[in-house]
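Keeping the supplied structure of chain A fixed, place chain B upon it in accordance with the hints.
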Amino acid sequence: MEIGVLALQGAVSEHIDMLKRAGVESYPVRKAEEIEKVDGLVMPGGESTTMGRLIQAFQLEDIIRKRFEEGMPIYGTCAGMILLSNRIEGFDQFKFGFIDLKIIRNAFGRQVDSKEIDLNVKGFDKPFHAIFIRAPVGKDPGKNVEVLAEVPEGIVFAREKNVLVSAFHPELGNDLRVHSFFVDMVKKFLK
Amino acid sequence: MEEKFGTVKVKRGLAEMLKGGVIMDVTTVEQAQIAEKAGAVAVMALERIPADIRKEGGVARMADPKLVKDIMNAVSIPVMAKVRIGHFAEAQILEAIGIDFIDESEVLTPADEVHHINKWNFKVPFVCGARNLGEALRRIAEGAAMIRTKGEPGTGNIVEAVRHMRIVMDEIRKVQNMSEEELYVEAKELRVPIDLLKEVKELGRLPVVNFAAGGIATPADASLMMQLGADGIFVGSGIFKSSNPKKRAEAIVAATTYFDDPKILAKISEDLGEEMPGIDIRDLTDKDKMQLRSE
Numbered sequence: 001m002e003i004g005v006l007a008l009q010g011a012v013s014e015h016i017d018m019l020k021r022a023g024v025e026s027y028p029v030r031k032a033e034e035i036e037k038v039d040g041l042v043m044p045g046g047e048s049t050t051m052g053r054l055i056q057a058f059q060l061e062d063i064i065r066k067r068f069e070e071g072m073p074i075y076g077t078c079a080g081m082i083l084l085s086n087r088i089e090g091f092d093q094f095k096f097g098f099i100d101l102k103i104i105r106n107a108f109g110r111q112v113d114s115k116e117i118d119l120n121v122k123g124f125d126k127p128f129h130a131i132f133i134r135a136p137v138g139k140d141p142g143k144n145v146e147v148l149a150e151v152p153e154g155i156v157f158a159r160e161k162n163v164l165v166s167a168f169h170p171e172l173g174n175d176l177r178v179h180s181f182f183v184d185m186v187k188k189f190l191k
Numbered sequence: 192m193e194e195k196f197g198t199v200k201v202k203r204g205l206a207e208m209l210k211g212g213v214i215m216d217v218t219t220v221e222q223a224q225i226a227e228k229a230g231a232v233a234v235m236a237l238e239r240i241p242a243d244i245r246k247e248g249g250v251a252r253m254a255d256p257k258l259v260k261d262i263m264n265a266v267s268i269p270v271m272a273k274v275r276i277g278h279f280a281e282a283q284i285l286e287a288i289g290i291d292f293i294d295e296s297e298v299l300t301p302a303d304e305v306h307h308i309n310k311w312n313f314k315v316p317f318v319c320g321a322r323n324l325g326e327a328l329r330r331i332a333e334g335a336a337m338i339r340t341k342g343e344p345g346t347g348n349i350v351e352a353v354r355h356m357r358i359v360m361d362e363i364r365k366v367q368n369m370s371e372e373e374l375y376v377e378a379k380e381l382r383v384p385i386d387l388l389k390e391v392k393e394l395g396r397l398p399v400v401n402f403a404a405g406g407i408a409t410p411a412d413a414s415l416m417m418q419l420g421a422d423g424i425f426v427g428s429g430i431f432k433s434s435n436p437k438k439r440a441e442a443i444v445a446a447t448t449y450f451d452d453p454k455i456l457a458k459i460s461e462d463l464g465e466e467m468p469g470i471d472i473r474d475l476t477d478k479d480k481m482q483l484r485s486e
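Same order as they appear, the protein sequences are chains A and B. Residue 25 in this note's numbering sits at position 25 of the first sequence; the count goes up by one each step and never skips. Residue 409 in this note's numbering sits at position 218 of the second sequence; the count goes up by one each step and never skips.
Chain A extracted, bound-state conformation (with noise of 0.2 Å):
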């Protein structure tokens, strides 16, 4: 199994570590051949903006949506989550429109207001120590995504079908699990 991480920007190194700790091949990915050839897709932390533009401007949007509409999971954090939402407040800018959720972006403030906390996630028997980065939360979810954990802000872990997103930073952290949830989505779409 080989899970790439979208190289284009961001803390890409961090996921990679992660995912071999997690006991899975992984990589940085950056153009369409290479996306061609992955059995799971992360999309880092960073800037939205940033990877949007990189994204259209090398023409990444087709093989990505290709391979979406295959089934091939992919996860989202932060700047992930809101290049994967179908609406984002305020906002014109690029998205792929792959999971049913308004995003707000900066949701919590600004980098002062950035903070670390004890998550409880649905399915875990423990809370998760989550990071969170100038972080986005997710509002209005559509019938089919499912709800994974929230704070008073918003939605911050969420998934619909193949798609999985986080707010927060289980990459900055040594908390394997969710990283082992989406390796969990790459096996069962891999049988």
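A hint or two may mislead.
Residues on chain B that point at chain A, a partial pick, calculated with CB under 10 Å [as the list claims (entries may be wrong)]: (1) 202; (2) 227; (3) 395.
No lab work stands behind these hints, which were simulated from the structure alone. The beta-carbon is built from N, C-alpha and C at its ideal position, and this holds for glycine as well.
Showing chain B alone in chain A's frame:
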């Protein structure tokens, strides 16, 4: 639900989110919007860009908080701003208006020739310049969440940024080969805490993100610095002192992502118009060199 703000993880984490990206100096709201549209990961709000500070002389200070706030309101990406070395009151003011990152910068006129800011006192993360491993680790010991090369700002000349990146990388490689006994001597010589040096040996890199800055003017410059091991790029005067800022900004953003693909670099380097005029470093006296303003 216990919440923890301004932690090391949260501060260094924002720097990690900027990796592989370009941070651009801007002096107006309009420039900030051009930078954001071109794909900048953050903007640095300034009163004057380094090339003009160099030309006009005088004391260079923190930007007007009104200008910084206007830029913060105009873009969705993080906004950084510079304070004078050691000027913690300027930093307190920027933190109070909600700045995302502070650059304690040799580009401005130093306010304290002995002490840097105690950056642990702040919730907002700091970036600092460094010419070598000792400077980098002293700044990290003081609480910096991100390091950049000093280079020689406002010159459009990459030679000093290359020198500083190569020195840091070379010193890291040496540390990796040192025995524990040698590490204690090295820590003494570099004037850095032994624990930080041990961390460098273990990681094989700085414990924080390390960007290139000071003299980057072309997509090829960005590629060179990324290939030398930079995590990302600061462009100061290079964009808005060129003839076609939008196109040059987009090209430098793309070059930072596809830094190891010469075919793509060739394509995006075409037809960018006039670069900023450069300065030969040998024409500068030590008094003119911003990189010598702190250690």
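So, going through the hints one by one against the coordinates:
For residue 202(B), the shortest C-beta to C-beta distance to chain A is roughly 8 Å, which falls under 10 Å, so the interface hint holds. Contact between residue 227(B) and chain A, as hinted, is supported at the beta carbon level, the nearest pair being about 6 Å apart and thus within 10 Å. Hint status for residue 395(B): violated, given a least beta-carbon distance of 12 Å to chain A, over 10 Å.
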